[in-house]
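J.: Build out the structure end to end from the sequences listed, making use of the hints.
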Amino acid sequence: MADRSPISRWIFEEYRLGENSLAMGRILLATSLLAFEYPRYLWMAKFPESFYNPPLGLGIFFCQQPPGWVMWSFMAALTVMMLGLLVGWKTRVMAISLALVTLVANSFDYSHGKITHDILWIAALFFVAFSGSERRYSVDALKRTFSGQVPGWPLAMLAMIVSFGMLSAALPKIMSGWLAFDTQNVRGHVINNMFATGRLTWLGGLMLKYGSTVFWEFLDWSTIGIEVAFVLAMFSRKAFAVVCALAVAFHVGIHFSMDIFFLSNLIAYGMFVEWERGLTLGPIRRFMAWYDQQMKRVRGWMLPVSGLGLMLFYTTKGNPAAWLVSCFGDGERIRNSILAIAALVVAATYLLHFSRQKQPAGQNAGIAAQPRALVSSRPLVLIEKPSQCDRKNSCDPLAETISKLSRGL
Amino acid sequence: MFKWNSQNSERWVRLLFATVIVLFPFQYWFAKCVTEPYPALLLPSFEGGVFNAAGEVSIEPADVSITFLGGKKQVISLRSLFADAPSSQFHVMAYYALHPKPGGVPPANLWSNARWKRVILWRLFSGFTQGKIRRQYWSGPEPATIEWVRGRMKDLFPRQTVERVDVIWYTEIYSKHNHWKITQRSPGPRVEIKL
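Chains as they are written, first to last, in the working numbering: chain A, 1 to 409; chain B, 1 to 195.
Just so you know, not all the hints are guaranteed correct.
What the hints assert, rightly or not - Listed below are the simulated EDC-like cross-link pairs for lysine to aspartate or glutamate, each with C-alpha atoms no more than 16 Å apart in a straight line:
| id | chain 1 | residue 1 | chain 2 | residue 2 |
| --- | --- | --- | --- | --- |
| 1 | B | Lys176 | A | Asp182 |
| 2 | A | Lys46 | B | Glu192 |
| 3 | A | Lys46 | B | Glu60 |
As the list claims (entries may be wrong) - Computed Cβ-Cβ distance ranges for the label pairs, DEER-style:
| id | chain 1 | residue 1 | chain 2 | residue 2 | range |
| --- | --- | --- | --- | --- | --- |
| 4 | A | Ala35 | B | Trp116 | 47 to 53 Å |
| 5 | B | Asp63 | A | Thr280 | 43 to 49 Å |
| 6 | B | Glu142 | A | Thr213 | 44 to 50 Å |
| 7 | B | Pro158 | A | Lys317 | 18 to 24 Å |
| 8 | B | Asp63 | A | Lys46 | 18 to 24 Å |
| 9 | A | Cys327 | B | Lys154 | 27 to 33 Å |
| 10 | B | Phe26 | A | Lys46 | 33 to 39 Å |
Keep in mind the hints are simulated off the structure, nothing from the lab. We put the beta carbon where it would ideally sit given N, CA and C, even for glycine.
T.: This is the structure we're talking about:
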């Protein structure tokens, strides 16, 4: 594949992860949604049609939200399918169906005045469908054999979607004066969030009390910096992973200061993590081996039965993780804080590991002298050495030199 | 005849990437200049504009004042009234259902007098039409909203009889000259619901 253009290499090769990592990403996605996001949509049944106010989309064809039993059925179907995704049972069908049913149900959910921007985890579902995540730790892996390498393009597509999404958040900020030194917009939003929306947080109060103008201005600039960094980093998987890790700290900061939890972003970033590195740790390796063994016991009928059981729990007690910690206070906030801290630990571990990676001597020369930390192990080659050139028949020396430098040789 | 092979599939994948790259600027423009559709590849923008011309932050919270039989009063937060709604949604829901709009009562010829236009807008795009009226016009809280408030009062105060619920909106101003503490709280629109 040496004759591929840089763009083709980025699309098809740069983001190729190991099968174990992809499968572990799939399991984490399904677990996160079952334990932290669901149940959804059930609240709509408690409000009349006078609250119905849909955005441009599917909702405009209806004069009110569907009755409660329809939303309950949507939620039950999602729960069963998410369990299917968890065990890798008809993975591709499950992931695509999940994404489509979620889009339909969200159309009604967001028909009450506000769109909660969680498009990234729906994009992650499409990535899971095509990435080859069913090749390990799944029922599908027991039923059929897979040949060839896993495709790299689904993760490259997800990287591009995340980057464009973050750019769509950065552009309005830039155009509405976030970079002006005389206004501190983060401070304004923290005030608005605490006093108009009533999301009081300890950290937000502390920031308002002690934060200097320089501190708030730094937050304005760094917010835009991290959002724009995604687009700049998306051509290198390692650089992108570093930006994702930094963005986790950004989202955790928002959670603790404004009580706005971006689970959708965290799930999408999680797809870029090489989770299989965790298999070097004994407990994780043993757990995954045990998980793999359990796949042999899974039967199709178990999914609707366990799904309906879980739905019963969702309907009566709500979210299981929030219910478990609700004895300590606001269950949802505590649950989100635990997940936020866990994500921060993973991100910090990744950054620490990344900063300790040593490069072999002599690698940092020429174009490769840019920080190696931000360059992929398989960097984009600017000029490919023509195939007819070899050591005996030397071609254009300039092209050859650039080719070598861009390869980091 | 079209044959599916790896070369073809790569071509389709390239086409998919190109489509996303081309569509993204268009959908961004559409969302910002026309209206935000769902679904769309957009993340929360937290645009500026929370500061007024004097460099102060102006926000619009609301209180819910409840008058019981016999004249006793109690104030609860908007969040308590909308406890069943997600925290990300309740403020906007309250704004559309319980806040007067500058457009006033919707005019009779809102969608022109042409019968076919009215049929298309009310029958085919009924959600869009209803939503536009709720966003721009106001003729008091809708009967379904009043019924919902009545139900909420029964949930919140099962042993008391509620006579009236007032949703009182305020404009609060936070100024840096007062170390970002509240400097002014002026009453705004008030919506009375007699139960």
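J.: If a hint holds in the structure, say so; if it doesn't, say that too.
T.: Going down the list of hints, with the structure as the test:
1. B:Lys176 <-> A:Asp182: Holds, at roughly 12 Å.
2. A:Lys46 <-> B:Glu192: Given that 16 Å is the threshold and the Cα spacing comes to 22 Å, the pair is violated.
3. A:Lys46 <-> B:Glu60: Violated, at about 25 Å.
4. A:Ala35 <-> B:Trp116: 47 to 53 Å: holds, 51 Å
5. B:Asp63 <-> A:Thr280: 43 to 49 Å: Roughly 57 Å apart at Cβ, these two residues miss the hinted range, so it is violated.
6. B:Glu142 <-> A:Thr213: 44 to 50 Å: 46 Å Cβ-Cβ, so the 44 to 50 Å window holds.
7. B:Pro158 <-> A:Lys317: 18 to 24 Å: For lysine 317 of chain A against proline 158 of chain B, whose Cβ atoms are near 22 Å apart, the range 18 to 24 Å holds.
8. B:Asp63 <-> A:Lys46: 18 to 24 Å: Cβ of aspartate 63 of chain B to Cβ of lysine 46 of chain A: about 22 Å, so the range 18 to 24 Å holds.
9. A:Cys327 <-> B:Lys154: 27 to 33 Å: holds, 28 Å
10. B:Phe26 <-> A:Lys46: 33 to 39 Å: Since phenylalanine 26 of chain B and lysine 46 of chain A have Cβ atoms about 38 Å apart, the given range 33 to 39 Å holds.
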